[in-house]
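Protein chains in written order, with my numbering: chain A, 1 to 222; chain B, 223 to 606; chain C, 607 to 771.
Keep in mind the hints are simulated off the structure, nothing from the lab.
Quick caveat: nothing in here was measured; it's all calculated off a predicted structure.
In this text, a Cβ means the ideal position worked out from N, Cα and C, and glycines have one as well.
Incorrect hints may appear among the rest.
To be verified - Label pairs and their in silico Cβ distance ranges:
| # | chain 1 | residue 1 | chain 2 | residue 2 | range |
| --- | --- | --- | --- | --- | --- |
| 1 | B | Gln585 | A | Asn158 | 57 to 67 Å |
| 2 | B | Ala535 | A | Gln125 | 21 to 31 Å |
| 3 | B | Glu285 | A | Arg217 | 37 to 47 Å |
| 4 | B | Leu557 | A | Ala126 | 44 to 54 Å |
| 5 | A | Arg175 | B | Arg545 | 34 to 44 Å |
To be verified - One side only, chain B facing chain A, incomplete, derived with CB under 10 Å:
| # | residue |
| --- | --- |
| 6 | Ala575 |
| 7 | Ser579 |
| 8 | Val583 |
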Amino acid sequence: MIVASPKSITELKTIIAGHKRVLFAGCGTCVTVCLAGGEREVSLSSYAMRMARRLDGNPIEIDQITIERQCENEFLKDLVEPASKVEAIVSFGCGAGVQAIAERFPRKPVYAGLNTQFLGVLEEQATWTEKCLGCGDCMLAQFGGICPVTRCAKRLLNGPCGGSLETRCEVDPDRPCAWQLIYARLKDIDQLERLEEVVPPKDWRPAWYGGARKIIRKEHQV
Amino acid sequence: MARNIRITLEGTDVGAHLDQLIHATASHPRIKVFLKSDLVRISGQPGDFTSVLNVNGSETRVEHGVVILATGGQERSTEQYFHGRHRDVITQSKLESMLSGGPPHPALSGKSDPTIAMIQCVESRDAKNPYCSRVCCSEAVKNALEIKRRLPHSRVLILGRDMRTYGFREIYYQKALEQGVEFIRHPDDALEVVENEGRLEVEVYDVAAGRGRTILPDLLVLSTGIAPAETNSALSGVLRSALTDDGFFQEAHPKLRPVELANEGEFLCGVAHSPRFMDETIIQAHAAAARASAILSKAQLEIVGHMACVNPAECVACATCVRLCPYGAPVINDLRKAEVRGAMCMGCGSCVAACPSRAVVLQQQEREPFSAMLDELLVSGGSR
Amino acid sequence: MIAFDGGPSGALEKKAPSAPPSWQPDMIVFCCSYCAHSAAALAGSRRLPYPAGVRIISTPCTGKVEMEHILEAFEKGVDGVLVVGCLEGGCHFVEGNLRARKRTDRIRAILDEIGLGGERLKMVYLSDAMASLFAECLQEAAQTIRTLGPNPLKTPLRKESEGEP
Chain A
1 MIVASPKSIT ELKTIIAGHK RVLFAGCGTC VTVCLAGGER EVSLSSYAMR MARRLDGNPI
61 EIDQITIERQ CENEFLKDLV EPASKVEAIV SFGCGAGVQA IAERFPRKPV YAGLNTQFLG
121 VLEEQATWTE KCLGCGDCML AQFGGICPVT RCAKRLLNGP CGGSLETRCE VDPDRPCAWQ
181 LIYARLKDID QLERLEEVVP PKDWRPAWYG GARKIIRKEH QV
Chain B
223 MARNIRITLE GTDVGAHLDQ LIHATASHPR IKVFLKSDLV RISGQPGDFT SVLNVNGSET
283 RVEHGVVILA TGGQERSTEQ YFHGRHRDVI TQSKLESMLS GGPPHPALSG KSDPTIAMIQ
343 CVESRDAKNP YCSRVCCSEA VKNALEIKRR LPHSRVLILG RDMRTYGFRE IYYQKALEQG
403 VEFIRHPDDA LEVVENEGRL EVEVYDVAAG RGRTILPDLL VLSTGIAPAE TNSALSGVLR
463 SALTDDGFFQ EAHPKLRPVE LANEGEFLCG VAHSPRFMDE TIIQAHAAAA RASAILSKAQ
523 LEIVGHMACV NPAECVACAT CVRLCPYGAP VINDLRKAEV RGAMCMGCGS CVAACPSRAV
583 VLQQQEREPF SAMLDELLVS GGSR
Chain C
607 MIAFDGGPSG ALEKKAPSAP PSWQPDMIVF CCSYCAHSAA ALAGSRRLPY PAGVRIISTP
667 CTGKVEMEHI LEAFEKGVDG VLVVGCLEGG CHFVEGNLRA RKRTDRIRAI LDEIGLGGER
727 LKMVYLSDAM ASLFAECLQE AAQTIRTLGP NPLKTPLRKE SEGEP
């Protein structure tokens, strides 16, 4: 899922400084699950922002609504009426959600309330780690299901750099060496011979190298 | 403690009663006795507890519906007034065991008119142990009467700040006066014991006489009061049941739930709660048994209606509640939404506060009433 | 009553001038219904004095106290909030009090960030026998809040005689 984190109240205050009435829009999908932009987190930000602005002598009115998903036009309809009453919208969705709202309401300033960070997984309650950076050309079959493109600091495709210390990455000892993990996994699934196959240099064109990507699946068009 | 008492003030033979009770308990087909055992762990809920006992070194599991705590207390030990350092200073329990057939004290041997002085409230009703132990005055009177019965020419003096032979025990206080027992009332701190070449000298201010007096006892007996059992602290942790400032177990409510611990299904009686006479302990034990039977007699138990409930329309199945609940009550159901299994829910509300969509509510504890409550509480002249 | 400066250049003083020593701050005290509420009841039956401005809200467990409730209380002008729960390791519901601690830590950080002062929020741990500790902690908290002054967000309290019956 997409993992994001809330912006600080201080930063949010600077972002909406000039406005007197805004809409805080939460998103009920990924950011709720990663505890960043759901109904509760948006409420906390509302209370805190209202109090902060009153203490500054510059009160602000904050409306609040959480819709099912911000990246889907069908659900953005629910924002039309609340948006009409405010000067600006702060979206607590991921970057895609913020931009979707901005496109839907081209004459309203739309700001981001979260920092969108990565595609990841919940390791244990309240700890998420990045697993995939969306390179568009998945080679996980080659690496026993562990992605060196994302999880090796040097993005190596043909084995470890040799600098790891006690299974930790030499660039960041807080991270495990991805190639150590790949080796252990391929051994467990009896596919160690894959390590002998040479992986050619990565073609980054399917990734963001050429700019923002677009996908069309003709068989599904209406 | 009961083993140290031979006879009550009213004349009941405690030893015989105790032997009969032990025999009846050990031979009862539905009572299982674990001796030399400790409670290691307890889990579960009323009607369905599981305990792990350490029985003489090995672990045993027991399943049970209720807990009754009757772990008692102990006579407080002391080093005051030369106790432990002088042969002729003993405690009341030692005196009692002497009087009930034990070897006579060397200080009394050969004498037909010894002087025996008893000091009350030793290490009791002071800054460290502010509570009265209730039984010591009666115990002193009982032992004094017995001494007078055996040695009519002996001189027995009871020195105390007050005499608390309450209720019908007042009759025995009268009897003791008639038998010639001297009661000396003294203010706090107006009593001192010194040793003079091996000889004990008690100096006390006698309120009735209006002057100080010196007493030379052959035997000095200390009433030290009842201290909490040493195991209370550890047991309190295992049961998660609070102790009072004095170290005894705290009942759930002094008037409404006097024989229950705060946790449902757990009861207490006897000196584990506070110092008391044996007949009072027995009455309390009956009460605890009666309350415990209320749970044991039912085929089914009703649970309180404070249960968490998930609104599936709002739930995003993030499984935060599933991970959080200490009782494992929430699950993700076949409709891919969280659901709280009512029988396992204990109504703590942790899931309610954690749910990022605010999809869980605790029945009868919802959010809107809270806001209204807050508004009402902040009305001036309202709750003040 | 604190007056808002209406003009764009006006800014509310973040700390009101210090109030007289006899001022009773408005305090909301969340009590878990196992340990904290029993300790409060015991304090009452023993006539142990605690500050007059205290209003107690009972919850089954401090783990139930939602973060927004605390912020709502401060937004409505409460001067201080206490969350009182069981001793560490003694929570009747296993670890609700530990969750409450982490949540109060976060709210305290928010209160500091917006300039209201995190010292207005405290968490206390006790057992149901600790009536005197309950009263003492409330007295201490009231004293701390007296030095901080009234909540600058306070609006005058609604009088009981006004409004609908």
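Comparing the hints with the structure gives:
Against the hinted window of 57 to 67 Å, the Cβ-Cβ separation of Gln585(B) and Asn158(A) comes to about 59 Å, which satisfies the hint. About 24 Å separates the C-beta atoms of Ala535(B) and Gln125(A), a value consistent with the hinted range of 21 to 31 Å. Checked against the given bound of 37 to 47 Å, the beta carbons of Glu285(B) and Arg217(A), roughly 60 Å apart, lie outside it. Our hint of 44 to 54 Å for Leu557(B) and Ala126(A) is violated, since their Cβ atoms are close to 26 Å apart.
For the pair Arg175(A) and Arg545(B), the beta carbons lie near 24 Å from each other, so the given range of 34 to 44 Å is not met. Because the smallest distance between the Cβ of Ala575(B) and any Cβ of chain A comes to about 9 Å, under 10 Å, the interface hint for this residue holds. Checking Ser579(B) against chain A by beta carbon gives a least distance of about 5 Å; that is within 10 Å, so the hint holds. Given the 10 Å rule on beta carbons, the hint for Val583(B) is violated: about 13 Å separates it from the nearest Cβ of chain A.
Consistency with the previously given hints fails for numbers 3, 4, 5, 8, ordered from lowest to highest.
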